[in-house]
Amino acid sequence: MKRTLRARWLWAGIALALVLGLPCLSARAADDVAPAAVLKQAAAAVERGAFDEAVDALELLGDRGVVHPDVSYARAHAYVARARSRARRSGDLGRAVAALEESRWLRPDDELERPLEVLRAEIAKERAREGNTEIVQRPALGRAVTELFSENTWLTLALIGEAALTFGLFALLNIKRRGYEIAGAVSTGVGLLLTLLGGGFGYAARQYRLVSEPAVVVVAQARLLDSEGRALPTVKGSPSGVPEGALVYVRQRREGRARVEWGSLEAWLDVGQLRRLQTTPTIITN
Amino acid sequence: MRRAFAIGTLCSASAAVAVLSVAAPVRAELRVSTQISTRQIEVGEELTVQLSVMSDGDLGSPTSTRLTGPPGLSVRGPRVGSQSQVSIVNGRMTRSTGVNLTWGVSANRPGTYRLGPPTADFGGERAQGQVITIEVVPAGTRQRPNRGFPFPFDPFDPFGQMGGRPRLPGFPFDPDAEEPAAPQVPPEYQLEHAPDPIAFLIAKAAPKEVVLGQAVTFKAYTYGSRGGYEGVDVSEPGRDGFLAYPVEMPPQMNAVVVPLDNTNFFARQVSEMVLFPIRTGTLRIGAMRFGFGGRGYPATPGAPGLIRQSNPIDIRVVEPPVAGRPAGYRLGDVGNYTLTAQVDPRKIKQGDSIAVVAKLEGTGNLPSKLALPQQNGVEFADPTSIDKISAENGRVHGSRVFTYVVRVDAPGSVDLGELRLPYYNADKRRYEIAKASLGRIDVEAGDKGKAPSAVQALPEDRLKSLLTPRTELGSAREASYLSDRPFFWAWLLAGPGLIVGGTGLSRLARRARERLRQQQSTPERLALRELELLNTAVKNGDVALVGAGVERAVHFAIEGVTLLKSRGVLRSELARELERRSVASDLAASVVSLLEATEAARFVREASPSEAAELHTQGFAVVRRLTALGRRKSAEPSGSPTA
Numbered sequence: 001m002k003r004t005l006r007a008r009w010l011w012a013g014i015a016l017a018l019v020l021g022l023p024c025l026s027a028r029a030a031d032d033v034a035p036a037a038v039l040k041q042a043a044a045a046v047e048r049g050a051f052d053e054a055v056d057a058l059e060l061l062g063d064r065g066v067v068h069p070d071v072s073y074a075r076a077h078a079y080v081a082r083a084r085s086r087a088r089r090s091g092d093l094g095r096a097v098a099a100l101e102e103s104r105w106l107r108p109d110d111e112l113e114r115p116l117e118v119l120r121a122e123i124a125k126e127r128a129r130e131g132n133t134e135i136v137q138r139p140a141l142g143r144a145v146t147e148l149f150s151e152n153t154w155l156t157l158a159l160i161g162e163a164a165l166t167f168g169l170f171a172l173l174n175i176k177r178r179g180y181e182i183a184g185a186v187s188t189g190v191g192l193l194l195t196l197l198g199g200g201f202g203y204a205a206r207q208y209r210l211v212s213e214p215a216v217v218v219v220a221q222a223r224l225l226d227s228e229g230r231a232l233p234t235v236k237g238s239p240s241g242v243p244e245g246a247l248v249y250v251r252q253r254r255e256g257r258a259r260v261e262w263g264s265l266e267a268w269l270d271v272g273q274l275r276r277l278q279t280t281p282t283i284i285t286n
Numbered sequence: 001m002r003r004a005f006a007i008g009t010l011c012s013a014s015a016a017v018a019v020l021s022v023a024a025p026v027r028a029e030l031r032v033s034t035q036i037s038t039r040q041i042e043v044g045e046e047l048t049v050q051l052s053v054m055s056d057g058d059l060g061s062p063t064s065t066r067l068t069g070p071p072g073l074s075v076r077g078p079r080v081g082s083q084s085q086v087s088i089v090n091g092r093m094t095r096s097t098g099v100n101l102t103w104g105v106s107a108n109r110p111g112t113y114r115l116g117p118p119t120a121d122f123g124g125e126r127a128q129g130q131v132i133t134i135e136v137v138p139a140g141t142r143q144r145p146n147r148g149f150p151f152p153f154d155p156f157d158p159f160g161q162m163g164g165r166p167r168l169p170g171f172p173f174d175p176d177a178e179e180p181a182a183p184q185v186p187p188e189y190q191l192e193h194a195p196d197p198i199a200f201l202i203a204k205a206a207p208k209e210v211v212l213g214q215a216v217t218f219k220a221y222t223y224g225s226r227g228g229y230e231g232v233d234v235s236e237p238g239r240d241g242f243l244a245y246p247v248e249m250p251p252q253m254n255a256v257v258v259p260l261d262n263t264n265f266f267a268r269q270v271s272e273m274v275l276f277p278i279r280t281g282t283l284r285i286g287a288m289r290f291g292f293g294g295r296g297y298p299a300t301p302g303a304p305g306l307i308r309q310s311n312p313i314d315i316r317v318v319e320p321p322v323a324g325r326p327a328g329y330r331l332g333d334v335g336n337y338t339l340t341a342q343v344d345p346r347k348i349k350q351g352d353s354i355a356v357v358a359k360l361e362g363t364g365n366l367p368s369k370l371a372l373p374q375q376n377g378v379e380f381a382d383p384t385s386i387d388k389i390s391a392e393n394g395r396v397h398g399s400r401v402f403t404y405v406v407r408v409d410a411p412g413s414v415d416l417g418e419l420r421l422p423y424y425n426a427d428k429r430r431y432e433i434a435k436a437s438l439g440r441i442d443v444e445a446g447d448k449g450k451a452p453s454a455v456q457a458l459p460e461d462r463l464k465s466l467l468t469p470r471t472e473l474g475s476a477r478e479a480s481y482l483s484d485r486p487f488f489w490a491w492l493l494a495g496p497g498l499i500v501g502g503t504g505l506s507r508l509a510r511r512a513r514e515r516l517r518q519q520q521s522t523p524e525r526l527a528l529r530e531l532e533l534l535n536t537a538v539k540n541g542d543v544a545l546v547g548a549g550v551e552r553a554v555h556f557a558i559e560g561v562t563l564l565k566s567r568g569v570l571r572s573e574l575a576r577e578l579e580r581r582s583v584a585s586d587l588a589a590s591v592v593s594l595l596e597a598t599e600a601a602r603f604v605r606e607a608s609p610s611e612a613a614e615l616h617t618q619g620f621a622v623v624r625r626l627t628a629l630g631r632r633k634s635a636e637p638s639g640s641p642t643a
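Protein sequence lines, in the order shown, are assigned to chains U and Z. 1 is the number of the first residue of the first sequence in the working numbering; add one for each residue after it. 1 is the number of the first residue of the second sequence in the working numbering; add one for each residue after it.
Okay, chain U solo, but in the shape it has when bound (with noise of 0.2 Å):
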């Protein structure tokens, strides 16, 4: 009886200890990424000109798995603060667009178009004066026509087009009226090409999305590569290399090689030239 006793008193004790010491463990565990406190830090940092401080403090919680828009967001502004001073280094403006990048897929609703044309504008003088040319890559169609709208957008109008599609369909084939045959055959034509359209570039968009991942070209030049990784031979007219901020999609990994599609181009980059953007949040905030 008295063992039975002093045995429920231990575990209400070790029951009692992990409610009360979990909390504190997970508060621990939680204080020590504390992104918000970061990204203060590194503000702060960077007004007195510690930049090496803030880049590798915001870095550091990046290699801890924290992906966030804001914190891509400040990693950026510690990139170009850094770029902008005497401490800077080879790179930084192509970080700078990875971490822009990076935050606008995970915000889209950002706008940080202006603030990318102005550092890839940036880094194309920076090339100019280096006496390299302006590389004009054309974008490929099918990604270029797919990205007009959102995969959602395009999965929307396919839903449309199904309505559409189920009204005519029905009109057609069942009510048996001149006025309802008429409208049921537009109905029909209009919903079949919007559900094919709609359809079609939403699975697209889809497949480019399971595919393949973004990444940000982060040195002066990535030179393209063939599959065994030799330099690919330089023919005139068609670039060597792959400029410092230029945004690619990785299809592919292999000893320390990435198969990429930059445009219409196919080619492989050293994997350690590149920035792969994270796409997905792993803070959720309201």
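In short, the hints are calculated from the structure, not lab data. Each hint should be verified, as a subset may be incorrect.
What the hints assert, rightly or not - The list that follows gives simulated cross-link-like pairs (lysine-lysine, DSS-like), each with its CA atoms no further than 27 Å apart:
no.	chain 1	residue 1	chain 2	residue 2
1	Z	LYS208	Z	LYS428
2	Z	LYS464	U	LYS40
3	Z	LYS219	Z	LYS388
4	Z	LYS369	Z	LYS359
5	U	LYS40	Z	LYS435
6	Z	LYS428	Z	LYS369
7	U	LYS125	Z	LYS464
8	Z	LYS565	Z	LYS539
9	Z	LYS219	Z	LYS204
Said to hold, decoys possible - Pulled from the structure, derived: some chain Z residues nowhere near chain U, Cβ distances all over 10 Å:
no.	residue
10	TYR245
11	VAL257
12	LYS435
13	GLU444
Don't be surprised by glycine CBs; every beta carbon is placed ideally from N, CA and C.
For chain U, the structure is supplied; the task is to place chain Z on it using the hints.
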């Protein structure tokens, strides 16, 4: 040592401002020296010639390197090495860069030769060494030195086996020498079995699972069972993905006799390297090739000796853990380090410079960068570094001295912060930080006023207000895609599919109903139905009604089977007509007889259940025989006779 270090710091500090004023690299006078490993060689032996070029400015890469010799001499190379050093003379700090060009020279006949001069171009300026005279004597006539290398290290022949250079005592073995007495076998030479009865090469690497930047020790051992041997046609293992530090082998190393499978093998360590992985994944240390040369070793066809290769070794390289990783850690910084720093002077005027000399010491692949304490008004220039690194006992250790010139524009008492190097200590499996505090300096305010920002003031700075800092976490939602929802695509096709499918099904059902109705109104079915309807009349004994019904049933049955409209046929001709339509004569007769009976029954006015039942039964029998005939006819191929 520490005192000398401090003096150097003091001198470099005093010269810091002067160095800063030299903004662009200036090419200074080239200092050239020529070295030769030996002036006398045998035919087939090789000597090395080294041209060292030093400059106080930026030397750049050499072009048009050249060392020519008369016919009979063979020249290989050059191998290019570089060096950098900071020296302080009379308080003035100068940075020198240097390039070493090393050629290998061998001769195929005796004589005295004039070689060179060795030359190289550096950005249009020519560095020229001295002409060298060497003597080549017949093979076996030169007195060999007893110990050591005459020259520090031959990059073309790390084993000293190519050509006829002076042999290391104890290795390679003299093929004519007697077998050495069996000493105790050191553990690293011990094996369970000999993979080859004559000779083999064993490579070992440890550890096989490392973090990026952690040292891996590679060792290779040769084993020969046919007496002494020398190394011919030796090649290093491929080590793509590694940074290699060859460990200098002891100049005198005796062979070890290792008994394996009842045979004594003469074993010797022939290579040792410390490898640092520079990328993650499974990296392979390739096969090392070693040719056994000696009387007992049959040469592999097309090779100068018995060629054997070592086993390739896979090393798994992972990133060090993310947990506990300090900010500023750079992948690959692994080892165990200490950091010390000296700052001088500690009292300057605004806009002047100080020297910060930091010494990083420890074990591992010494990092080339330190984390600097940045702040507005304090600017660290790129450092110069002097290395003292050696690889011994499977470890790379040494020191790297970084000298920074730091310009200070912030007035007052300035806290310089600390230099840091976060690194991963693989032995302790944890991150550590080597730190060196720089302390405070007093900066006397000058005419320059307020400290400038670390940010450059560019005339057209479009980046200045490009991004405003964000210090709060705004909203972030996980993207949701319609197409990721289950059954989305089925749902998309559901509406039209249901309409088309439903309409189609409805039409099919309608068609099936129609067909069923048609099937039910065939003459055979009508005949049977007529008979079934007579049940009540049979029970009541209404012979007239039953007779009329049976008559109708029989006519339906005849029509169904023979397509003959029998009502319009005379009774006397009916049998013949039926027979003409393949109805058996007895059945035709039964039909006629039944019809006559039904005709007679019409006039019976009294109820007679037995008569009615008999008529009904006969009607059933005839109709069944007729419909059976119809089924047989439809089953038989057309044209075949009917029973």
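Holds or violated: are the alpha carbons of LYS125 of chain U and LYS464 of chain Z at most 27 Å from each other?
-> 16 Å, holds
Decide, holds or violated, for the assertion that all CB atoms of chain U are farther than 10 Å from the CB of GLU444 of chain Z.
-> GLU444 of chain Z is indeed farther than 10 Å from all Cβ atoms of chain U, at 21 Å.
Claimed clearance of chain U by TYR245 of chain Z, with the beta carbon kept past 10 Å | 22 Å, holds
Does the structure keep LYS219 of chain Z and LYS204 of chain Z at a Cα separation of 27 Å or less?
-> 5 Å, holds
Any Cβ of chain U at or closer than 10 Å to LYS435 of chain Z, or is the non-interface label fine?
-> 14 Å, holds
Beyond 10 Å from each Cβ of chain U, as asserted for VAL257 of chain Z | 43 Å, holds
If you draw a straight line from the CA of LYS208 of chain Z to the CA of LYS428 of chain Z, is it 27 Å or shorter?
-> With Cα atoms ~17 Å apart, LYS208 of chain Z and LYS428 of chain Z stay inside 27 Å; holds.
Mind checking the alpha carbons of LYS565 of chain Z and LYS539 of chain Z for me, to see if they're no more than 27 Å apart?
-> 30 Å, violated
Take the C-alpha atoms of LYS369 of chain Z and LYS359 of chain Z, compute the straight-line distance between them, and say whether it is at most 27 Å.
-> Holds, at roughly 12 Å.
Given pair status - LYS40 of chain U, LYS464 of chain Z, alpha carbons within 27 Å = 20 Å, holds
Holds or violated: LYS40 of chain U with LYS435 of chain Z, Cα cutoff 27 Å?
-> 24 Å, holds
Please work out if LYS219 of chain Z and LYS388 of chain Z have their alpha carbons no farther apart than 27 Å.
-> Holds - the C-alpha atoms of LYS388 of chain Z and LYS219 of chain Z are around 23 Å apart, at most 27 Å.
The structure fails hint 8 only (numbered hints given earlier).
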